[in-house]
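A.B. asks: Sequence:
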Amino acid sequence: MHPQPPAPAPRRALVVQLARFGDLLQTRRLVRSLQATGCDVHLAVDRSLAPLAELAFPGTTAHGLPAHRAGSLDAPAFLAAARPVLAELAGAGFDQVYNLNFAGMNFSLSTLFDPAIVRGYRMERGQPRMEPWNRLMFRWVHHRRFAGLNVMDAWGLMADAPLPPGEVNPVARPQGGGIGVVLAGRNSRRSLPAAVLAPLVAVVARTTGARRVALLGTAAEKPLARELAAAFPPALSGMVRNLAGRTALPDLFEEVGGLDLVMTPDTGTMHLAAHLGVPVMAFFLSSAWCFETGPYGLGHRIWQATAECAPCAERSECAADLACLAPFSGRELLRHLAGNPEFENPPGLLGLVSALDLVGCAYRPVLGEDVQARERAAFRALMAEHLGLGVASGPSAEFASLFLEERDWMVEDRGQADFIEAVGKSL
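Numbers given in the numbering used here equal positions in the sequence shown, counted from 1, plus 1319.
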């Protein structure tokens, strides 16, 4: 018997995700798609998230960079901190690199590799470039009310063989540990104030029969936790457990994974709950738009504010005096959550449930009217056809021309270009 030849080495890919906690979790479709083909997947992440990356994606190798400090570092300081990891990445022999963030550091990192193997954003002959799929993403931004895909799908569909949407996150089911309440997101305008959130939590706890309410947040949100707890009715106070500032990321995995429901704004903890198969009730307002960053998979419910100015630009001042907050403050939403059949759907609020289609995760209205449902469906059908996943029978040629054109949306930022050039020359 002749000895069998050695098995070929698995293909090796690098996913560069240098953004925050929630963004890392939203790479799951891409990571799992690569793993499903036998690929050896590595992740380049901020070094604070490296342990989380390997916990969230078993079988991967994480490489930590000082990404979240990059804005406070000049190019030499960044290189001094990152050079060992950069050398490790350069010598790893990747044959695919998925560079996911439109940022100076990502462009600089791409110069470690042959441009031919870099997907997403790269430097080529000294010029920033992006793939056609990423250029298409930039066109969605101009029609955010009805266009765009869930970020998980936008990144996941960069793979040659994307995992089916139903195999990305588990179907969400209660786990027995009560309700988790995420106190706030990074942008306070996207979060419900304690006076608005407390009655919602109280009515959900009562109608679900919850025996435990865990308050989840960072140490900086301890005052908010105390304010929220003080606003709860006496019947709820005995079941509240304040975990603000007490859960490191591995502890958060364990805590969230055992809950029945997570009530939350658009946060990384929301994505963690969906990642772990825990039902989410999410409140989206201001710049948060569930059609882009909603919880992924089946079993989630979203309340989306639909003011005419939504979704707004996160860094711009609100000219409408937070009109999108009003629908969460009235009695009608409380009546609905309490099971009162006489409620009226609050104007400016859309109740949705998560669903799946050929392209990925979508959200179906169950309360209120999605006035742009027709355009939204046409866009998704167009993307399905563009990706070879279906045939779009509805969209007109005029509608298709909004997206399927060759345009260059890259706008050079001088500070970013200087950083790219300084770091790129030293790699």
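Among these hints, one or two may not hold up.
[Unchecked claim] Label-pair distances were calculated between CB atoms; the ranges are:
1. Pro1542 x Pro1451: 44 to 50 angstroms
2. Ala1409 x Thr1356: 19 to 25 angstroms
3. Arg1492 x Ala1399: 25 to 31 angstroms
4. Phe1457 x Gly1576: 33 to 39 angstroms
5. Thr1356 x Arg1492: 27 to 33 angstroms
6. Phe1457 x Ser1715: 31 to 37 angstroms
7. Val1672 x Leu1721: 26 to 32 angstroms
8. Gly1576 x Thr1526: 35 to 41 angstroms
Just so you know, the hints here were simulated from the structure itself, not pulled from any lab data.
Predicted model, so just to flag it, every value in this text is computed and none were measured.
In this text, a Cβ means the ideal position worked out from N, Cα and C, and glycines have one as well.
A.B. asks: Broken hints, numbered, in rising order?
C.D. replies: 3, 6, 8
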